[in-house]
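Engineer: Residue numbers (full-length UniProt numbering), protein chains in the order written: chain A, 1 to 680; chain B, 1 to 680; chain C, 1 to 680.
A couple of the hints might just be wrong.
Identical copies go unnamed one by one, so any copy, or any two together, can satisfy a pair.
What the hints assert, rightly or not - Here are the computed lysine to any residue pairs in the SDA-like style, where the Cα-Cα straight-line distance is at most 25 Å:
no.	residue 1	residue 2
1	K654	A639
2	K173	V116
3	K578	G186
4	K173	A284
5	K304	A35
6	K104	H215
7	K329	K560
8	K560	Q381
Simulated from the structure, these hints should not be mistaken for laboratory data. Owing to the predicted nature of the structure, the values given are computational and were not obtained by experimental measurement.
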Amino acid sequence: MLAFVTTTHAQATRHADAPPLLLGVAWYPEQWPEAQWDHDLTLMQAAHVHLVRIGEFAWSRMEPREGVYDFGWMDRAIAAAARHHIVVVLGTPTAAPPAWLTQKYPDTLRVSEDGVRDEHGNRQQFSFASTRYRRFAHDIAEQMAKRFGHNPDVVGWQLDNEYAADSFDPDAKAQFHAWLQHRYGGIDALNRRWATAYWSQTYDNFEQIPVRADHENPALLLDWKRFVTDTWRSYSINQIDAIHPHADPRQFITTNTMGWFDGFDAYTVHQVLDIAAWDDYVDAGEDYDWVDNAARHDLARGYKRRNFWVMETQPGSVNWHATNVTLRKGVVRDMAWQAVGHGADAVEYWQWRAAPNGQEEYHGTLLGADGTPVPVYREIQQVGADFAKAGAVLAGTTPHAEVAVINDFDGRWAINFQRHAANFDPVAELKAFYRPLRAQAQVVDVVSVHASLDGYKLVIAPALNVLTDAEAAQLKAYVEQGGHLVLGPRSGMKNADNGLQPQGQPGPLASVLGGRVAQFYALDKTVPVVGAAEQGSAKIWAEQLQVESPQTQVVLHYGKSNGWLDDQPAVLTRQLGKGSITYVGAWLDDGLLDRLTASWLQEADVHAPLPGAPQDVEVCVRGDARHQVVILINHAAAARRVSLPSTMWPVLAKGAASNEVSLEPNGVAVLDSREVAANR
Amino acid sequence: MLAFVTTTHAQATRHADAPPLLLGVAWYPEQWPEAQWDHDLTLMQAAHVHLVRIGEFAWSRMEPREGVYDFGWMDRAIAAAARHHIVVVLGTPTAAPPAWLTQKYPDTLRVSEDGVRDEHGNRQQFSFASTRYRRFAHDIAEQMAKRFGHNPDVVGWQLDNEYAADSFDPDAKAQFHAWLQHRYGGIDALNRRWATAYWSQTYDNFEQIPVRADHENPALLLDWKRFVTDTWRSYSINQIDAIHPHADPRQFITTNTMGWFDGFDAYTVHQVLDIAAWDDYVDAGEDYDWVDNAARHDLARGYKRRNFWVMETQPGSVNWHATNVTLRKGVVRDMAWQAVGHGADAVEYWQWRAAPNGQEEYHGTLLGADGTPVPVYREIQQVGADFAKAGAVLAGTTPHAEVAVINDFDGRWAINFQRHAANFDPVAELKAFYRPLRAQAQVVDVVSVHASLDGYKLVIAPALNVLTDAEAAQLKAYVEQGGHLVLGPRSGMKNADNGLQPQGQPGPLASVLGGRVAQFYALDKTVPVVGAAEQGSAKIWAEQLQVESPQTQVVLHYGKSNGWLDDQPAVLTRQLGKGSITYVGAWLDDGLLDRLTASWLQEADVHAPLPGAPQDVEVCVRGDARHQVVILINHAAAARRVSLPSTMWPVLAKGAASNEVSLEPNGVAVLDSREVAANR
Amino acid sequence: MLAFVTTTHAQATRHADAPPLLLGVAWYPEQWPEAQWDHDLTLMQAAHVHLVRIGEFAWSRMEPREGVYDFGWMDRAIAAAARHHIVVVLGTPTAAPPAWLTQKYPDTLRVSEDGVRDEHGNRQQFSFASTRYRRFAHDIAEQMAKRFGHNPDVVGWQLDNEYAADSFDPDAKAQFHAWLQHRYGGIDALNRRWATAYWSQTYDNFEQIPVRADHENPALLLDWKRFVTDTWRSYSINQIDAIHPHADPRQFITTNTMGWFDGFDAYTVHQVLDIAAWDDYVDAGEDYDWVDNAARHDLARGYKRRNFWVMETQPGSVNWHATNVTLRKGVVRDMAWQAVGHGADAVEYWQWRAAPNGQEEYHGTLLGADGTPVPVYREIQQVGADFAKAGAVLAGTTPHAEVAVINDFDGRWAINFQRHAANFDPVAELKAFYRPLRAQAQVVDVVSVHASLDGYKLVIAPALNVLTDAEAAQLKAYVEQGGHLVLGPRSGMKNADNGLQPQGQPGPLASVLGGRVAQFYALDKTVPVVGAAEQGSAKIWAEQLQVESPQTQVVLHYGKSNGWLDDQPAVLTRQLGKGSITYVGAWLDDGLLDRLTASWLQEADVHAPLPGAPQDVEVCVRGDARHQVVILINHAAAARRVSLPSTMWPVLAKGAASNEVSLEPNGVAVLDSREVAANR
């Protein structure tokens, strides 16, 4: 069998039936009489569905009583799917324990920060730290692996579902104290680094430390997030250890994460997973913020720095917004192609068919509860037909970027604990930098500050609020080796303990920059920002910068505002050999940031693959100089024409090679630099 | 003695002194020295007050210590009132237990959904399910009945006060589990009907079922509301059983409900009560939404399908809004006449005199705490004088409607559990249909889906979200027998268990309609709706309809919007013999709904009693062809003239019979089709 | 040694080094290595800082283990400060107990109204009523006093920090019950005065009374606030009793209060303190509401009716707003001079240097965490230089007012418990009266209703909602002795038990006024108010007044509005000998109140010290006819010229005496009626 899941995932092997680009759905056979399964699978097959995810909420059916297992129905469901050329991802069902489990062992239930134990009736009611719960989770995962680890139609595993809810139960508290003890060694070190002399917080021992996620010392808050991260990591390992010994190596293991969700550091958790997979849900509306969604795909690709899966996405609408407006006709397909354009090898819709009852009755589906297709079924069927055409062309390709934006959980947490300016949303600020970069460079990576930066010509760290010495050293080395580094406002303000950098902002990079922050200002109105031939403004946040080296240049300064900022530097830059470091001390307006980005790209010698493409046409490129596939998505309400850098072959449409493409509203084009066999 | 309370209430008997239209007040003699009583009663008499409600918050005075009763003060209060020609409704005091009771028996205290036990100091602090509390409630009601059951000046009983607060105490939880067991027989049936395979909710036994009113399986949520309903019903029976053996049959038993309040199914609770009585409080402002209030009166009349009482209403203002604006001069009288116009036989103001202290010091009254009349006293005195003039004319009359709007608690609950579109308030949607109907048909009933629909030419079910097979069968029969049925959006979506109808919406009526809902859409902007000669729009909600029978006609369809709805049917109708069924798939704009309503009324051959009356003059009609009394209320800020269908005699004003009436702003006219003796 | 702290504080003695006008900062030596202290103190000295407050959050450092004390570091810190000519206020550290204390004695922890025990990690986590906590608080205060009570560099004591948080622990509950028993004698008296017959609240004993601060009988709510007040008073005495025996009488004792904060009656708590001191923080923005802040200074001066300290104020910005905008350049100095203009003898900035970690890292400071001055340092240094120049001139002076505004906690509480009109904020209403008074009279006192009113020509009681017979008698006597009294709306409505006055509003003053309130109206729109030559409006609240004496005149009446108010009296006045009483029944618009104020001042023969000064220039006067110091602060964005009543000498600026002054934007001038030595 040949690899198909992702070309970069060595263990994954191609299933005889499965195409390289997979259309999938979430299927809950346990909710329906077996006699209806074939009806559903036939309709899946007609829509070119080749993948189902099953099992992730079926613990009660798999283990109806403690230690009594029933997997026969799953055997039959997998076999039935296979008959329709559909492969399976199995979910471990630990996001929703059975009633018997939590009734008998209430200590496995999650406890909220306010001390309230959760109860049965919803999901995620378990404690992620409970030793007893992990034993049960290990056992059910192991039983599943023993049964399905060699099933040829099972291609991978999803652990649990959408890790999210912290717990403050006694297990979690004791583990947090032990975690702190391990991190700090002794209580004196903790007292010193947390500066507990403040407010007489001084601790005599680790047990005295309150376990909370809010209104505490910023050092404690940051460590709590790190502890939560490590706990989800070990929670994953617990199940991986149960599955690995019994499963073929071709079966990958992942979990499904949630966009910008910051409940844990996704880079750390992904260390123990084979591939990244995420659930792509967008804000309510007939349209979606496609640049935001593009960034989220790039974020997911950055977790493992290779192609990823969209494990869930919406067939038009969801049920958990206040008002669940459905995506306009055509936008579901547009989103599917955006995912692929950014490196997805599978796109899976949640869910296949409306459940007959339960909290999610109103969620979008492909089939109604009555088993008949709803209107969006046809549009997704079109996606399936597209994937069938384009799969071979895209096999083995992935996006390659020359520029990267740094996403850092420590910094996002630290700012969110202490916004200081209510509108300083660190994700919004990241996207303020991402937006012009995507428009001008077209292919962008979003990576951790710990990722290797080799090969990037330009790296932007939007608000790298927490900056450790090691991280600063890596960034310094990047610049010294010719890289171009741009730091956004609030960067380098905090040390590893979320304390203020003793050197002043940007901390260990101040000497590299040859400048520093004299004072920061939260803004409730805009402040003018000017340069030699430049006029713009800052909002939300402005830092008064100070030049401390003759080699450091003032790129922009503030106009007249609150007296303090008047005529003070707003943006500094310094050349270091072939590299450079730039510090942007304010949240600049979009136009200004757009023009600055152009100057940074020029300086770093970065060129867009399709220069001059219209702003509202998304350009995605997979592959490299040898073999390039361009995916164009028209997000405009009107038709658009796009010039190609060279003659390319259409993949979805019939037609001859051309150096220009026309796109209808919400139109998609896939173009191959090599001649496409099917179009000959 | 002759019946006076309501002509349709056989047991109620006329008190020698009491007029057929009663002006009343809530009086708290226990708050004042007995020496002051006569001062107050004299002022009541001067205002034509003939009714007081007493006792409903006086448990501490009636039973100062466990088992020790003191009713002497009530004997004297009732006798004192009688000397001023005032009859009495007695409230059982169970809405506010004494401190000694809840101190000694804390298990009788209410427990909130979050598990917090209520405490003394406010009211409604009891558990409605507590077995022990019911014993105390039974005993105090029985003691009262023994003392006052044959008192000729006591005309009826009010149980408790404004039933409202659920409890989640252990008694309530055990009873809910038993209730579920009784409903479903075995746990397997519950698992199947609740579809608990979803999220692994499967229960092994009834005790595992969480007892909550929020964030649970929709089936559980709906059953909780039904359990709450049955619990208030049995709570009522407990006291009725204590009163009946000791009370004259002429003494009616009721409780006072609260407009649109949906804490329980009021139809079920009213099964065990003699008459309906409600507390008519309006939103803060100088004016009130009189159409909303008209609908609430019609709702109350529909509980027992006969005349009702307004047990409380505001003498200008209340104290529980954020800003308690007082009704403009004249509006209090206007409201009193609206109540009568819709079938009230008594209008009682809360409260007579400002309490010297306590949470409601600021509430509107007729007398200040100092015992002197406040300005609104004169206006209410005018109401008393009106009632004295009109009582004889209105005796024995009630409104008679040819059209009905269905109010269904199951459906309202189901939608509120899962709004999907935040602004889809089912009461607002009901009123969207009620408003044009009231304007065009003038006399409208609001009834339960279980009420007999015989005699209605047109029935509108605004959002009959939950539709059981039995209900569907009754509606189908109504249409087949020549009735005209209009279903609003979201109708027939859910089955009795709040699960999705397996046939697709509108479920068991889809085959009758010859059409169905292909997909629903929550809207955040309007969508055009067009017909042959019609232009309008939909907001909040739009369903894409689908014709499935050649006899089914498209009345309206959508214009260009989100792609999915473009050119799709929005309103379908089908003739079945002399009857018809119409399905309105969207929340239409008011103008469109007004024109559609006209077409429905025309088709159903319904004619307004006073065609052509100005929109801002409310037309109420009591009586039938033999003897008709018309009540006109001018809600406009300017004078209005109204043409009468025939010559009628003025009842309040001196004057000759005429076929036209002039109304000042907030003016009221009562007109009799028979010559009025007093005006001769 | 000579007195310096305040000239009116007999015990306070001048420290050899300390100037009469003190610039200070909050310093936390415990947060820094001792080796860094001198660096900081040198920078303080350079900024003319002569005062530090230390110790108030250092309990863990003072008493690292139960009963083990370490004061050596404080000895050294005080000595180091003294070497830089800096005196010390010591804070007792009881606002933040050590971890060992609350871990071992969890009963000392605060319990919230919802029954949740607080925990370590923040501050104010103690129960203010805990007997055990008070023992610890006494001991640490006593140990400090023994150590520092005779230290010549320690000038005073601050008890705890910002008293604020009530506790509902068992100690507090038992004490409240005992407090009620003491107040009412027996339960029958309480039942009568609280009118507990209402809602069957009747109590059999004091233990049944719920202990809550919300949603209870208004009588209970008011008594709870009084109990809280008495508890903070005894909390203070507990520490005073520990300090006094061991401290020099020259060392004053105070605590730092918070502006309009109404958690307790500050007049009662100040009875046991030597001087008033408050923390002056303003709303977020580049500017501040200087009239509000002026009123807050006058409020603080009124606590002891002599000069006060600003114990904390912001060096530009704080960290606890949603968006912490920094004051515009120049405004920090402006605020410092406003404080002095209203009677401050010390202005202290919080805090000196950014803490290396902790919840307040982002708060404004003079030094960054890195030990270098931030921009505002220079501006505060200027304040220090100013103080050095002006200290001698201002020594011994204080403002003298002819007019007073009454601030009454009972009334503010009572209204806030029952706003009735959501926007009726009693502080906003007080300021509506204060604003024109300050503009026209320029020097204004804000005092308790229990203060002696001798010497005031005009007294305004904005919303004296609770009015006891004794208070009414004092106000009556004031009028009879020639005083001019103005009562605002809602005055005299409630008695001492927060019950409605049995005589009707304004209760015991109705007979003095010769008029009363017939009915009150909460407003959601404005109502016209007219007089002989007057046109204006009322908002939020309007009372329909009624004349009951031929000597009572209608000053203003309402125009056409809701029918009830049309043409009814809005403002009444009555002359009584040389005095007068005026009742303003509505919240009048600013213009109207401005003109009314002019008429009141004219009638009372009050004249502004600097008539005709521009509205946006604040005029402050310290001293009396013999020696007057005028402080002018230009709050305008443009320059202003101010005419002086006579030739005066500039104190801050070099220059000759003049009868006119020019002020730059945010400019400050200090002018002396006597020739200034330094300028000669």
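Engineer: Give a verdict on every hint.
Structural biologist: Going down the list of hints, with the structure as the test:
With identical chains, the CA atoms of K654 and A639 are at most 25 Å apart within one copy only, with a shortest distance of 19 Å there and 74 Å across copies. Within a single copy, K173 and V116 get their C-alpha atoms as close as 14 Å, and across copies as close as 18 Å, so both meet the 25 Å cut-off. Neither within a single protomer nor between protomers do K578 and G186 lie at most 25 Å apart by alpha-carbon distance, with minima of 45 Å and 77 Å respectively. When the C-alpha separation of K173 and A284 is checked against a cutoff of 25 Å, the pair qualifies neither within a copy, at 37 Å, nor between copies, at 37 Å.
In this assembly of identical chains, the alpha carbons of K304 and A35 never lie at most 25 Å apart, being 41 Å within a copy and 48 Å across copies at closest. In this homomeric assembly, K104 and H215 come within 25 Å of each other (Cα to Cα) only across copies, at 23 Å, whereas the closest approach inside a single copy is 34 Å. In this assembly of identical chains, K329 and K560 lie within 25 Å of each other by CA distance solely across copies; the values are 12 Å between and 49 Å within a copy. For a Cα distance limit of 25 Å, the shortest separation of K560 from Q381 across copies, 24 Å, qualifies, whereas the shortest one inside one copy, 58 Å, does not.
Hints 3, 4, 5 from the list above are not met by this structure, while the remaining hints are.
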